[in-house]
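First to last, the sequence lines map onto chains A and B.
This note's numbering puts the first residue of the first sequence at 3, with every later residue one more than the last.
This note's numbering puts the first residue of the second sequence at 3, with every later residue one more than the last.
Simulated from the structure, these hints should not be mistaken for laboratory data.
Treat each hint with caution, since some may be false.
No copy is singled out in the list; a pair is fine if it fits within one copy or between any two copies.
To be verified - Taking lysine-lysine pairs in the BS3-like style, the calculated list, with each CA pair at most 25 Å apart, reads:
(1) K181 / K20
(2) K198 / K120
(3) K89 / K56
(4) K180 / K56
(5) K103 / K53
(6) K201 / K103
(7) K120 / K53
(8) K36 / K177
(9) K103 / K165
(10) K36 / K165
(11) K120 / K20
(12) K20 / K89
(13) K198 / K103
(14) K89 / K53
(15) K89 / K198
(16) K56 / K201
(17) K181 / K165
(18) K53 / K180
(19) K177 / K53
(20) K56 / K103
(21) K20 / K103
(22) K180 / K103
(23) K201 / K53
(24) K177 / K89
(25) K56 / K165
(26) K165 / K53
These are the residues of each chain, in order.
There are 2 protein chains.
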Amino acid sequence: MEVGGNPRVIVLFDGYSKTGENFTLANCTCTLIKGPPHVIVDTMTAWDGEKIRKALAENHLNCDSIDFVVCTHGHSDHIGCNYLFPKAVHIVGFCISSGDKYFEHDFTSGQEYVVSDKVTVIPTPGHTMQDVSVIVRSCNGVVAITGDLFEKEEDLRDDRIWKSAGSDNEELQVKNRKKILEMADFVVPGHGPLFKIDKQEV
Amino acid sequence: MEVGGNPRVIVLFDGYSKTGENFTLANCTCTLIKGPPHVIVDTMTAWDGEKIRKALAENHLNCDSIDFVVCTHGHSDHIGCNYLFPKAVHIVGFCISSGDKYFEHDFTSGQEYVVSDKVTVIPTPGHTMQDVSVIVRSCNGVVAITGDLFEKEEDLRDDRIWKSAGSDNEELQVKNRKKILEMADFVVPGHGPLFKIDKQEV
Chain A
3 MEVGGNPRVI VLFDGYSKTG ENFTLANCTC TLIKGPPHVI VDTMTAWDGE
53 KIRKALAENH LNCDSIDFVV CTHGHSDHIG CNYLFPKAVH IVGFCISSGD
103 KYFEHDFTSG QEYVVSDKVT VIPTPGHTMQ DVSVIVRSCN GVVAITGDLF
153 EKEEDLRDDR IWKSAGSDNE ELQVKNRKKI LEMADFVVPG HGPLFKIDKQ
203 EV
Chain B
3 MEVGGNPRVI VLFDGYSKTG ENFTLANCTC TLIKGPPHVI VDTMTAWDGE
53 KIRKALAENH LNCDSIDFVV CTHGHSDHIG CNYLFPKAVH IVGFCISSGD
103 KYFEHDFTSG QEYVVSDKVT VIPTPGHTMQ DVSVIVRSCN GVVAITGDLF
153 EKEEDLRDDR IWKSAGSDNE ELQVKNRKKI LEMADFVVPG HGPLFKIDKQ
203 EV
């Protein structure tokens, strides 16, 4: 699924979660914002390096072309391949770093981080206390790449879906879900395909 | 620094944090528990792959020898090199996985995860809501590898140190710090050298 002109939002892999007997099969949605600057959002599990490399090549990029890695939060299915991107600035939840240099930025007070004139990172805690979302102002509308703030489109009508995926603060998550539904036209959720927001329903 | 016979606790790299003008230089303590099973606790930043490979080789191991990767929490300076260990089970905070298979385990209710008869992983939230610590019963005493539940030894006498390093729930962190100080003889903190607990002071 692609949205926009420049920057283009390209969902490289739709996330999923399927419950088995004593386990869940799960991986996150992995999204490329093709700029420049080029941004990858959520790097899946540590076992997905080859898939990511191949998907970037299909988009005429490689790991060293990526300027920013953003992990919406620090769960293992969202940070697994950060290792592939030593030339990028890494934003993992509320931490911004390059090597062992950690830059000051006050996400806790609500401050947005500006990647470019069309791409910002904003704090959206709830699922964890340090979740962020990436907001892209594309020519087709505003796209919010939210990680597990939204599990999948179905949880718009059934709160049990995102709650059962784990929430460190449900009240805060409700508040930030509402904020995203008001500001965005499309949502890229953590474990399902991109969906359009029906503004009649918000 | 080494502690114990079998399993042996070997601190591969002491963590640090030093404040600059608009940034902090920081990396986590990285610890090997040499078994078998072999466990690595906290894999530093995504830029530290070669350092870790070399340190394992000096201990007659390689990445494929590691049976468990434990990240005490999902901050970027603790998960950066998980990618190097595709043959291990990964425990990142409260999530336990191999590939896209996520195993059920109720850390939220306090349940410990048994790695071996001498090594367990227990929930110790506070710094994030999903922090874990690794408890090793070595022949020299109980070693607790705690990540940022303790920033460094100095914060035993100055709470401002661990609080300023970020805490999602200070009250919970105080409670879990106390629990560790009571149960352990040694602490491997997130950003400083291993220290011995003075039981007179606890």
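Hints, one by one, checked against the model:
When the C-alpha separation of K181 and K20 is checked against a cutoff of 25 Å, the pair qualifies neither within a copy, at 28 Å, nor between copies, at 36 Å. In this assembly of identical chains, K198 and K120 lie within 25 Å of each other by CA distance solely inside one copy; the values are 19 Å within and 51 Å between copies. Proximity of K89 to K56 under the C-alpha cut-off of 25 Å is found in both arrangements, the shortest distances being 18 Å within a copy and 22 Å between copies. When the C-alpha separation of K180 and K56 is checked against a cutoff of 25 Å, the pair qualifies neither within a copy, at 35 Å, nor between copies, at 48 Å.
Proximity of K103 to K53 under the C-alpha cut-off of 25 Å is restricted to the inter-copy arrangement: shortest distance 17 Å between copies versus 29 Å within a copy. In this assembly of identical chains, the alpha carbons of K201 and K103 never lie at most 25 Å apart, being 42 Å within a copy and 36 Å across copies at closest. For the identical chains of this complex, K120 and K53 are neighbours neither inside a copy (27 Å) nor across copies (37 Å), given an alpha-carbon limit of 25 Å. In this homomeric assembly, K36 and K177 never come within 25 Å of each other (Cα to Cα): the closest approach is 30 Å inside a single copy and 46 Å across copies.
Taking CA atoms no more than 25 Å apart as the test, K103 paired with K165 passes between copies only; the shortest distance there is 20 Å, against 35 Å inside one copy. Taking identical chains as interchangeable, the C-alpha atoms of K36 and K165 are never at most 25 Å apart, the minima being 32 Å within one chain and 38 Å between chains. With identical chains, the CA atoms of K120 and K20 are never at most 25 Å apart, being 34 Å at best within one copy and 34 Å at best between copies. Proximity of K20 to K89 under the C-alpha cut-off of 25 Å is restricted to the inter-copy arrangement: shortest distance 23 Å between copies versus 34 Å within a copy.
For a Cα distance limit of 25 Å, the shortest separation of K198 from K103 qualifies neither inside one copy, at 38 Å, nor across copies, at 29 Å. Taking the shortest alpha-carbon separations for K89 and K53, both the intra-copy value of 19 Å and the inter-copy value of 18 Å come in at or below 25 Å. Taking CA atoms no more than 25 Å apart as the test, K89 paired with K198 passes in neither setting, with 33 Å inside one copy and 39 Å between copies. In this assembly of identical chains, the alpha carbons of K56 and K201 never lie at most 25 Å apart, being 36 Å within a copy and 55 Å across copies at closest.
Taking the closest pair of Cα atoms, K181 and K165 come within 25 Å of each other only inside a single copy of the chain (18 Å); across copies the shortest separation is 29 Å, beyond that limit. For the homomeric pair K53 and K180, neither the shortest alpha-carbon distance inside one copy (33 Å) nor that between copies (44 Å) is at most 25 Å. In the homo-oligomer, the alpha carbons of K177 and K53 never lie at most 25 Å apart, since the shortest distance is 35 Å inside one protomer and 43 Å across protomers. With identical chains, the CA atoms of K56 and K103 are at most 25 Å apart between copies only, with a shortest distance of 22 Å across copies and 30 Å within one.
Taking identical chains as interchangeable, the C-alpha atoms of K20 and K103 lie at most 25 Å apart only when they sit on different chains, with a minimum of 10 Å there against 38 Å within one chain. Taking identical chains as interchangeable, the C-alpha atoms of K180 and K103 are never at most 25 Å apart, the minima being 34 Å within one chain and 31 Å between chains. For the identical chains of this complex, K201 and K53 are neighbours neither inside a copy (35 Å) nor across copies (51 Å), given an alpha-carbon limit of 25 Å. In this assembly of identical chains, the alpha carbons of K177 and K89 never lie at most 25 Å apart, being 35 Å within a copy and 40 Å across copies at closest.
For the identical chains of this complex, K56 and K165 are neighbours neither inside a copy (34 Å) nor across copies (42 Å), given an alpha-carbon limit of 25 Å. Taking CA atoms no more than 25 Å apart as the test, K165 paired with K53 passes in neither setting, with 29 Å inside one copy and 40 Å between copies.
This entry does not satisfy hints 1, 4, 6, 7, 8, 10, 11, 13, 15, 16, 18, 19, 22, 23, 24, 25, 26, going by the numbered hints stated previously.
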